[in-house]
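Engineer: Residue numbers (our numbering), protein chains in the order written: chain B, 4 to 354; chain U, 12 to 512.
Rather than coming from a laboratory, the hints here were simulated on the basis of the structure. Do not rely on the hints blindly, as some may be mistaken.
[To be verified] Where chain B lies over chain U, by a calculated footprint (3+ residues, C-beta under 8 Å):
{"#": "1", "segment": "94-106"}
{"#": "2", "segment": "334-342"}
[As the list claims (entries may be wrong)] Restraint ranges, calculated between C-beta atoms of paired labels, are given here:
{"#": "3", "chain 1": "U", "residue 1": "F389", "chain 2": "B", "residue 2": "D261", "range": "48 to 54 Å"}
{"#": "4", "chain 1": "B", "residue 1": "K269", "chain 2": "U", "residue 2": "P28", "range": "54 to 60 Å"}
{"#": "5", "chain 1": "U", "residue 1": "P144", "chain 2": "B", "residue 2": "A347", "range": "39 to 45 Å"}
{"#": "6", "chain 1": "B", "residue 1": "K295", "chain 2": "U", "residue 2": "S145", "range": "53 to 59 Å"}
{"#": "7", "chain 1": "B", "residue 1": "P61", "chain 2": "U", "residue 2": "I36", "range": "24 to 30 Å"}
Using N, Cα and C, we set each Cβ at its ideal position, and we do this for glycine too.
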Amino acid sequence: MKRSRLLVLVISLVLVLSMLLVASGCGTQAEEPKEEEPQASEPAKEEEKETAAWPQKPIEMTVPYSPGGGSDRLGRFIVKVIEQNNLLPEPIQVVNKPGGSGSVGSTYVAQNPGDAYKILTFITGQMTAPMTGMGTYSWRDFTPIARLALDEFLLLVHKDSPYQSLEEVLEAAKQKPGEFTVGGTALGAEDNMVVGMLENAAGVDFNYIPFDSGGEVNTNLMGKQIDSGIFNPNEAIGAIESGDFRPLVVFREERLKDLPDVPTAKELGYDVTFQMFRGVVGPKDMPEEAVKTMQEVLKKVSEDADWQENYIKRNMLTSAYLPGEEFGAYMAKIEPGLIDVLKAIGVYKGK
Amino acid sequence: METLQLLLQGLSTALTPINVLMATIGVILGAIIGALPGIGSATGVAVLLPITYGMNPITAVILLAGVYYGAMYGGSISAILINAPGDPAAVMTSLDGHPLAQQGRAGHAFTVASGSSFIGGTFGIIMLTFLAPSLARWALNFGPPEYFALMVMGLTTLTGLAGDSPIKGLISTFFGLMLAMVGLDIVSGVGRYTYGVLELLDGIDFLPVVMGLFGVAEVLAGMESMAYGEMITSKVGLRNMFPKAREFFSLWKAWIRGAIIGFAIGVLPGAGATMASFMAYATEKNFSRTPQRFGKGHLPGVAAPEAANNAASAGAMVPLLALGIPGSATTAVLLGAFMMYGLRPGPLLFAQRPDFAWAAIASMYVGNILLAIMIIVFIPLFVRVLLTPKNILMPLIIVITLVGTFSIRNNLIDVWIALIFGVIGYLFKKLKIPAAPLVLALVLGPLAEKTMRLSLMLSQGSFSIFFTRPIALVLMIAAFAALVIPIIIQLRASRSVKNGS
Numbered sequence: 004m005k006r007s008r009l010l011v012l013v014i015s016l017v018l019v020l021s022m023l024l025v026a027s028g029c030g031t032q033a034e035e036p037k038e039e040e041p042q043a044s045e046p047a048k049e050e051e052k053e054t055a056a057w058p059q060k061p062i063e064m065t066v067p068y069s070p071g072g073g074s075d076r077l078g079r080f081i082v083k084v085i086e087q088n089n090l091l092p093e094p095i096q097v098v099n100k101p102g103g104s105g106s107v108g109s110t111y112v113a114q115n116p117g118d119a120y121k122i123l124t125f126i127t128g129q130m131t132a133p134m135t136g137m138g139t140y141s142w143r144d145f146t147p148i149a150r151l152a153l154d155e156f157l158l159l160v161h162k163d164s165p166y167q168s169l170e171e172v173l174e175a176a177k178q179k180p181g182e183f184t185v186g187g188t189a190l191g192a193e194d195n196m197v198v199g200m201l202e203n204a205a206g207v208d209f210n211y212i213p214f215d216s217g218g219e220v221n222t223n224l225m226g227k228q229i230d231s232g233i234f235n236p237n238e239a240i241g242a243i244e245s246g247d248f249r250p251l252v253v254f255r256e257e258r259l260k261d262l263p264d265v266p267t268a269k270e271l272g273y274d275v276t277f278q279m280f281r282g283v284v285g286p287k288d289m290p291e292e293a294v295k296t297m298q299e300v301l302k303k304v305s306e307d308a309d310w311q312e313n314y315i316k317r318n319m320l321t322s323a324y325l326p327g328e329e330f331g332a333y334m335a336k337i338e339p340g341l342i343d344v345l346k347a348i349g350v351y352k353g354k
Numbered sequence: 012m013e014t015l016q017l018l019l020q021g022l023s024t025a026l027t028p029i030n031v032l033m034a035t036i037g038v039i040l041g042a043i044i045g046a047l048p049g050i051g052s053a054t055g056v057a058v059l060l061p062i063t064y065g066m067n068p069i070t071a072v073i074l075l076a077g078v079y080y081g082a083m084y085g086g087s088i089s090a091i092l093i094n095a096p097g098d099p100a101a102v103m104t105s106l107d108g109h110p111l112a113q114q115g116r117a118g119h120a121f122t123v124a125s126g127s128s129f130i131g132g133t134f135g136i137i138m139l140t141f142l143a144p145s146l147a148r149w150a151l152n153f154g155p156p157e158y159f160a161l162m163v164m165g166l167t168t169l170t171g172l173a174g175d176s177p178i179k180g181l182i183s184t185f186f187g188l189m190l191a192m193v194g195l196d197i198v199s200g201v202g203r204y205t206y207g208v209l210e211l212l213d214g215i216d217f218l219p220v221v222m223g224l225f226g227v228a229e230v231l232a233g234m235e236s237m238a239y240g241e242m243i244t245s246k247v248g249l250r251n252m253f254p255k256a257r258e259f260f261s262l263w264k265a266w267i268r269g270a271i272i273g274f275a276i277g278v279l280p281g282a283g284a285t286m287a288s289f290m291a292y293a294t295e296k297n298f299s300r301t302p303q304r305f306g307k308g309h310l311p312g313v314a315a316p317e318a319a320n321n322a323a324s325a326g327a328m329v330p331l332l333a334l335g336i337p338g339s340a341t342t343a344v345l346l347g348a349f350m351m352y353g354l355r356p357g358p359l360l361f362a363q364r365p366d367f368a369w370a371a372i373a374s375m376y377v378g379n380i381l382l383a384i385m386i387i388v389f390i391p392l393f394v395r396v397l398l399t400p401k402n403i404l405m406p407l408i409i410v411i412t413l414v415g416t417f418s419i420r421n422n423l424i425d426v427w428i429a430l431i432f433g434v435i436g437y438l439f440k441k442l443k444i445p446a447a448p449l450v451l452a453l454v455l456g457p458l459a460e461k462t463m464r465l466s467l468m469l470s471q472g473s474f475s476i477f478f479t480r481p482i483a484l485v486l487m488i489a490a491f492a493a494l495v496i497p498i499i500i501q502l503r504a505s506r507s508v509k510n511g512s
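When you get a sec, could you build the whole thing from the sequences and use the hints?
Structural biologist: This is how it looks when you write it as structure tokens:
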């Protein structure tokens, strides 16, 4: 019967589409040329032989934050560069597992020690999450693969704000302790740590307001609901260029290339530098071969022209590739400082 | 007029073959994503993002924006057909849409839903075209205290949704508020009622709850009376497809109210289409002379929320395009996309890249027309789903709902939440407790709490902040009115009934 045939068609269409969407929801896989690998040049072939043991099946890259966030952009851009340049013989898929300031996704990967096919985007906030009581796996429970970039922090005020410099802000905060508002993302997040470090260095007490996202801080600063806000440069550059926001200080060793007029806190006499790292890790005891290969791949990613132009430069990041062990040493080096700051802002619940 | 000229220029870009093609692909994908329970437009846009990297930014944004507003249309499809809203913004559509389908009037529900979506969406885009910059600046007056007042207003309008028994409405509301307490305390960072479950730190997401309360519970209830080979309805003849013109156009008041409410709420960053559709439905019911007909298959109950959620999705583009501020999860993903294309979203976007901003806006006019035509053409096809025997359709609904639920965060715990709330939803049905207030309380509760805590941090603990700021004060008064007016109306109605008899 005509009717039943139509029905079968509709049902199967719905089913196929739902499967397709779910599959792509689990990891995006743009249709990339897959057949052309054998035609790669001879030296490439030899290289392939050396590393032929890994990977033998698709790699899953967990992004422990929602689609659209900074880590999501990192993960998806890595995949894009790898696929464009055929850096891996097997596909690599992004899977978003948000929750608990990154600890849900971190835990998922940490629970599979020795797995060579589960990797994880890793940022400063995931390192500090277990120190504030979220999740149980410390950064030492992962195999560092590579650090890729560093992100900066700026203190901004609205263009109508009476405060022209960091000094004036600190003076205002001194006069009314606990009243000068600084907007940032969540309690204990990187923004909160920067504010805590500045409070320590300058001996002032701000009123830190924890919003949910950089977008919300942006909205509230533009609406003059708060006196100032902490931002990553890429979150605020549009409003800085239009003159709506006035950057007062950057918490970095040297001035930013794109904002050469903004002084560093160090120049102004406050030894506060804070950078947020973005990198990739694997679970504990990840096979050495897999770590090595992935390190090489990520090194190539970080040297890629498209990556430098469209990821690093556009997001105003500092390209900062560090391979596995050095990445681990870097985290060990910054750990005590992070603990001190978390203690100072009163969210440290570590072991 | 300069605006019109810019819009026409935008249209000439939007109407090039490649852009029309992308808009078509975008809205079709969006409608499918919206119709599938669980996968929202935010995930849809994020998943499509890498495919657009090589494209011209204008073309790419036309595609992605199409997915965004297409999803608003699509959400109503599954809401009406199988009572499993594909998107939280479509929850209200299911309240009257599904009863209509059960009465054999699914075609009417679809026509009204897509017609209302078109009108709401188009109204939103017209407002976006002419008023974007000034509206965006106005929305900035909303700080945490104003949002809190808005949330209070949302919660008090719930009394209008309560169904037959206000007590049962309150039970549902307070249950929802209790669930909203789960998760991290934003001030102290302490996990509340999480029992060590990591996934509960962010609270109970309302999507799995919606999937359970509506989709799963619907199936459980349907199993009670299931006879082999039985269908939901057999009235799918072409004559039953479209409502009479007079009936359709008599909905104009619902459209106007829905579109205005939807757009106003959509412009506010963070409030969103879900709240817009709830408020529009509640308002419609409060204004109606026949409030008792809502929830049983009343066309204005479909028209108002559909007009509202589409106007809201256009409204959410206002702060995005005018100020570079994301007002919803999906516009946050779009913001990230803009940066990937080398644009710098911010107050200068219209000035620096007028071609881009205006082509995006113009494409929304095109996309809305495409969507309305497409949905109406496909109505006879959608309706045939109802001819599926229940013993085949019900398991399908369960599969689609649970797979969709898993895909929200790729986490099994959400599937368990959906199943648990399926049972709770079934009990609610048996006890005739309305489920919609629970969902709204779960959406508004965390926002209300957060904005109240932030307000009190801003004011150093003084509650006067809610009553000394003009907008907050007006909203607080409106919230009080929303609580009291229905009671007065009810009293007056009962008195006039007495007088009449």
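Engineer: May I ask which of the numbered hints given earlier this structure violates, with the numbers listed in increasing order?
Structural biologist: 1
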